[in-house]
Amino acid sequence: MQEYDVIVIGGGNAALCAALAARHVVSRVLLLERAPEHMRGGNTRHTRNIRCSHATADQFFSGPYSEQEHLEDLIGVTGGPANLDLAKLAVRESSKLPAWMSAHGVNWQQPLAGTLHLGRTNRWFLGGGKALLNTYYQTARRMGICIRYDALIEDLVIENGRFDGVRLKSGDAEEFIRGRAVVVAAGGYEANIEWLKKHWGDAADNFIIRGTPYNDGMLLATLLKKGAKAIGDPKGFHAIAVDARSPKFDGGIVTRLDALPFGIVVNQQGRRFYDEGENIWPKRYAIWGGLIAAQPGQLAFSVVDSKTIDRFLPPMFKPYKADSHEALGSALGLDPKVFAETLTEYNRATAANTEFRIEILDGVCTRGLTPPKSNWAIPIDRPPFYGLPLRPGITFTYMGVTVDEKARVVDESGRPFANVYAAGEIMSGNILTKGYLGGFGLTIGSVFGELAGREAASNARG
Amino acid sequence: MPEVNIFEEANRQLIICNACRYCEGYCPVFRAIEIRRDFSQGDVFYLSNLCHDCRACYYACMFTPPHEFAINIPKILAEARIETYQRWSWPGFLARAFKKRGITVGLAFVAAAIVIGLSLLLIPESSLFTIHLAPGAFYEVVPYVAMVIGGLILFFYALAVWMRGGARFWSETRSALREPGGFKALISSLTAALGLRYLQGGGPGCFYPDERPSSVRRIYHSLTSWGLLSDFVATTLAFIYQDFFHRLPPYPLMSAPVIFGTVGGVALIVGTSGLIWFKLRSDREPESSRAVGMDYVFLVTLGLTALTGMLTLIFRTTAAMGSMLILHLALIAALFITAPYGKFVHFVYRSLALLRYEVEQRQPQKHVGH
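Protein sequences appear in the order of chains A and B. Residue 305 in numbering that gives the first Met the number 0 sits at position 306 of the first sequence; the count goes up by one each step and never skips. Residue 196 in numbering that gives the first Met the number 0 sits at position 197 of the second sequence; the count goes up by one each step and never skips.
Heads up, a few of these hints could be off.
Which residues of chain B face chain A? A few of them, derived with a C-beta cut under 10 angstroms, are [said to hold, decoys possible]:
| hint | residue |
| --- | --- |
| 1 | 17 |
| 2 | 24 |
| 3 | 37 |
| 4 | 63 |
| 5 | 65 |
| 6 | 67 |
| 7 | 156 |
| 8 | 208 |
Only pairs whose alpha carbons sit at most 20 angstroms apart, straight line, appear in this in silico SDA-like list of lysine to any residue [to be verified]:
| hint | chain 1 | residue 1 | chain 2 | residue 2 |
| --- | --- | --- | --- | --- |
| 9 | A | 224 | A | 74 |
| 10 | A | 317 | B | 196 |
| 11 | A | 228 | A | 433 |
| 12 | A | 317 | B | 67 |
| 13 | A | 247 | B | 15 |
| 14 | A | 317 | B | 33 |
| 15 | A | 320 | B | 40 |
| 16 | A | 247 | B | 63 |
| 17 | A | 247 | B | 64 |
| 18 | A | 306 | B | 65 |
| 19 | A | 247 | B | 33 |
| 20 | A | 168 | A | 148 |
| 21 | A | 247 | B | 65 |
| 22 | A | 317 | B | 34 |
| 23 | B | 183 | B | 203 |
| 24 | A | 247 | A | 63 |
| 25 | A | 225 | A | 38 |
| 26 | A | 247 | B | 113 |
| 27 | A | 95 | A | 81 |
| 28 | A | 282 | A | 101 |
| 29 | A | 306 | B | 35 |
| 30 | A | 433 | A | 74 |
| 31 | A | 317 | B | 124 |
| 32 | A | 336 | A | 357 |
| 33 | A | 306 | A | 317 |
| 34 | A | 317 | B | 4 |
| 35 | A | 196 | A | 295 |
| 36 | A | 228 | A | 412 |
| 37 | A | 317 | A | 304 |
| 38 | A | 306 | A | 357 |
| 39 | A | 317 | B | 10 |
| 40 | A | 225 | A | 412 |
No lab work stands behind these hints: they were computed from the structure. Glycine included, each C-beta is placed from N, C-alpha and C at the ideal position.
Okay, chain A solo, but in the shape it has when bound:
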């Protein structure tokens, strides 16, 4: 019978942080990653920076970012965390992360060009999330942590609130591995279309999943079945606008589109449906996933002209292009007359505007138009015209398991399980209720991963 002190389920940032932290305390640590090796790491593969509190500027932070400000930003975006104490814990402990990460081999870099607005609050690891994972996996191997890929968990054996081991399926054979404590860091359920359909109906077929196809939520479902207390809106997800031509899964950063505030957005009926100039783009891009999810066919189109096509990050997929409004409408598969009318009305409402400044709320707005465009509204009148098809691109789901201040999973009666811990996206609903603060997913994963690993290991040592 194989037995480990700590079994970590998952293979992303939170799981690695837990395994590394546990290994500092106990010797027998097993990490079970469900994906094959080349797909290891869950959604961490697509990350690029981490948000940390810090008192002073350094080589990589352009200025100080106090815990107070960090917490205020979090509250501002989420409208108040589900558990304020855990939010404070994450914000407070985040200040230790850069040193901890460096000590485990992580390299840093300056903020990417065009992301300077995050240079004070967030820290960039060299090469992005997959490079971060490679470093952690190499460190884990060097420290003697056992790693298994393609590890499909059949069941967690939990008796009277105490974890005994995991049942594993490898090929046709079943396997039982005993563990003295477990950390579940297996992500959310955003890649489980059937699960999403329970809440969204057939619309879920039109969602694009930006990250790993392996986040099917099986471990979350298992924990809930074993009596763990759910937290967060089961329908809730974080979604942005991505190109409708993106792959169903794992398109990552390159499918996102920054064109929206530069023109207008129409639905399949060729009509506008929301203020494209409501707030500066980094603060508002995350509402568009939900907005498009609510449109017929979960489809929309961003439309710009030759004046603005070069002003946003070049998209991966070539925009549709035409020399008249009608022709572009046809190219996009829309009713050309309705589409052209929408543009004519918009151009009439912006006729007096010529220049705009995208970096600020410039007040260059439409007149007498519903819905309005409150900023950066200039006519779309210089051919060629360009159109990009949009779909909701889901980043992560909010619902998870409830944990306490030691990262222990809590059951429906409010009592923690004896030796079951959770970290990362699977418990981020304790803090994030809606909205998102760039780089904070990794903050939660790292803080609670390290905490869960450490606590699980001391628990296992007894």
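Add chain B to chain A, keeping to what the hints say.
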């Protein structure tokens, strides 16, 4: 037309990179991508020669095969690089050597065979296999005039083809960007080339031979390039000693030409052996099989040239000196005849690509942000 396919494929991948930019911290290739929106053929040629094949981006990329985006920048740029090597080489029938390794190997053998054949034919056995110790000892075996004329012809031939290629690189990779020159850009590109600044994967080292970064490859490469420079200095010093101070070789062990020559020779042997050893173990996925063959031919020729040079020094007081010298000269002939048709050319285009990079990064740019 493979060239069109490579160009189109490079273009496809670079557009995805430009929408991602996670690799920006690794090397100049990605910073050069970011100031472009479309990639002309000249841009692909430029970027392919700017790439140092450190492979950091390959291991950091979440879109490498089997992902459907199938991004593999080190490999596609290596393939584009070979296209440029052939395109800018001369004459056409020899430039094909970049795709047909047999031509390079054949050229090397023919050059070596001519040197050895002529020596056996023209040098009396009595001179070839005896001990020569007096000043001008080497010239007792091979006449000074033959050595100098042969050497100069080969050297200037290689130099001429390199320069022609360099000129074509410069004109064909000229972008729409304004490019004022600049002394600082020149200095910075020179130090980048000589110091192998971009064989560091943005800090932790090359991801070579596998995904664990290390600085060992950069050390091997430095030993190779500085070893070669040191031997070039030794040859130049010997020329000065001889033609300005009228001191004929062999020079004493503690003389400048012998010290530079020995340091360079040892460095070359260690450096080329290390690079070959690494190449044998390197990850096949991010490399182009065509490039690898070309690399081996160059490294082996260069390593053997250094080895025979050292053997000539070691055996210079024995009857084996003549044979060693002939072998050494044969390998030098092979090295220089293949210099415009093998991996040796990379230093020309990479140095120029670095200069272009330093120049264009100094222009006012409009970065389009996330």
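A quick look at each hint next to the structure:
Here the hint on residue 17/B is kept, as its CB sits about 5 angstroms from the closest CB of chain A, short of 10 angstroms. With its C-beta approaching chain A no nearer than about 3 angstroms, residue 24/B sits inside the 10 angstroms limit, and its interface hint holds. Taken as an interface hint, residue 37/B checks out: its beta carbon lies about 8 angstroms from the nearest beta carbon of chain A, inside 10 angstroms. Taking 10 angstroms as the C-beta contact cut-off toward chain A, the hint placing residue 63/B at the interface holds, the least distance being around 8 angstroms.
Among the interface hints, the one on residue 65/B holds; its C-beta lies about 7 angstroms from the nearest C-beta in chain A, closer than the 10 angstroms criterion. At its closest, the beta carbon of residue 67/B sits 6 angstroms from a beta carbon of chain A; the interface hint therefore holds under the 10 angstroms criterion. The interface hint given for residue 156/B is violated, since its Cβ lies 43 angstroms from the closest Cβ of chain A, which is over the 10 angstroms cut-off. A hinted interface residue such as residue 208/B counts as satisfied when its beta carbon comes closer than 10 angstroms to some beta carbon of chain A; here the least separation is about 15 angstroms, so the hint is violated.
Pair hint residue 224/A plus residue 74/A does not hold up; C-alpha atoms about 31 angstroms apart against a cutoff of 20 angstroms. Simply put, residue 317/A and residue 196/B have alpha-carbon atoms about 35 angstroms apart, too far for the 20 angstroms limit, and the pair is violated. Taking the CA atoms of residue 228/A and residue 433/A, the gap is about 19 angstroms. The hint holds against a cut of 20 angstroms. For the hint linking residue 317/A to residue 67/B, the alpha-carbon distance of about 17 angstroms falls within 20 angstroms, and the restraint holds.
In summary, the hint linking residue 247/A to residue 15/B is supported, as the alpha carbons are separated by about 17 angstroms, within the 20 angstroms threshold. Between residue 317/A and residue 33/B the alpha-carbon distance is near 17 angstroms, which keeps this suggested pair within the 20 angstroms criterion. Restraint check: the Cα-Cα separation between residue 320/A and residue 40/B comes to about 23 angstroms, which exceeds 20 angstroms; the hinted pair is violated. Proposed proximity of residue 247/A and residue 63/B is supported: the alpha carbons are some 17 angstroms apart, at most 20 angstroms.
Pair hint residue 247/A plus residue 64/B holds up; C-alpha atoms about 16 angstroms apart against a cutoff of 20 angstroms. Among the hinted pairs, residue 306/A with residue 65/B is inconsistent with the structure: their alpha-carbon atoms are about 38 angstroms apart, more than 20 angstroms. Of the pairs offered as hints, the one joining residue 247/A and residue 33/B is violated, with about 27 angstroms between alpha carbons and a cut-off of 20 angstroms exceeded. Between the alpha carbons of residue 168/A and residue 148/A the distance comes to roughly 12 angstroms, so the proposed pair stays at or under 20 angstroms and holds.
Pair hint residue 247/A plus residue 65/B holds up; C-alpha atoms about 15 angstroms apart against a cutoff of 20 angstroms. Between residue 317/A and residue 34/B the CA atoms are separated by roughly 18 angstroms; this keeps the pair inside 20 angstroms, and the hint holds. As the CA atoms of residue 183/B and residue 203/B are separated by approximately 26 angstroms, the hinted pair breaks the 20 angstroms bound. At roughly 40 angstroms between alpha-carbon atoms, residue 247/A and residue 63/A are farther apart than 20 angstroms, so this suggested pair is violated.
The hinted pair formed by residue 225/A and residue 38/A fails the criterion: a straight-line CA distance of about 28 angstroms is larger than 20 angstroms. Taken as a hint, the residue 247/A and residue 113/B pair is broken in the structure, with Cα atoms around 63 angstroms apart against an allowance of 20 angstroms. Restraint check: the Cα-Cα separation between residue 95/A and residue 81/A comes to about 23 angstroms, which exceeds 20 angstroms; the hinted pair is violated. For the hint pairing residue 282/A with residue 101/A, the CA-to-CA distance comes to about 30 angstroms; that exceeds 20 angstroms, so the pair is violated.
For a cut-off of 20 angstroms, the pair hint linking residue 306/A to residue 35/B stands: about 17 angstroms separates their Cα positions. Restraint check for residue 433/A and residue 74/A: satisfied, since their Cα atoms lie roughly 10 angstroms apart, inside the 20 angstroms limit. Straight-line distance between C-alpha atoms of residue 317/A and residue 124/B comes to about 73 angstroms, which puts the hinted pair past the 20 angstroms bound. Annotation: proposed proximity of residue 336/A to residue 357/A is violated, straight-line Cα distance about 30 angstroms (limit 20 angstroms).
For a cut-off of 20 angstroms, the pair hint linking residue 306/A to residue 317/A stands: about 17 angstroms separates their Cα positions. The suggested pairing of residue 317/A with residue 4/B holds, with an alpha-carbon distance near 19 angstroms, which does not exceed 20 angstroms. For the proposed pair residue 196/A and residue 295/A, the alpha carbon gap of about 16 angstroms is at most 20 angstroms, so the pair holds. Restraint check for residue 228/A and residue 412/A: satisfied, since their Cα atoms lie roughly 8 angstroms apart, inside the 20 angstroms limit.
This hinted pair checks out: residue 317/A and residue 304/A have alpha carbons roughly 14 angstroms apart, not beyond 20 angstroms. Taken as a hint, the residue 306/A and residue 357/A pair is honoured in the structure, with Cα atoms around 13 angstroms apart against an allowance of 20 angstroms. Under the criterion of a C-alpha separation no larger than 20 angstroms, the hint pairing residue 317/A with residue 10/B is consistent with the structure, at around 13 angstroms. Of the pairs offered as hints, the one joining residue 225/A and residue 412/A holds, with about 12 angstroms between alpha carbons and a cut-off of 20 angstroms not exceeded.
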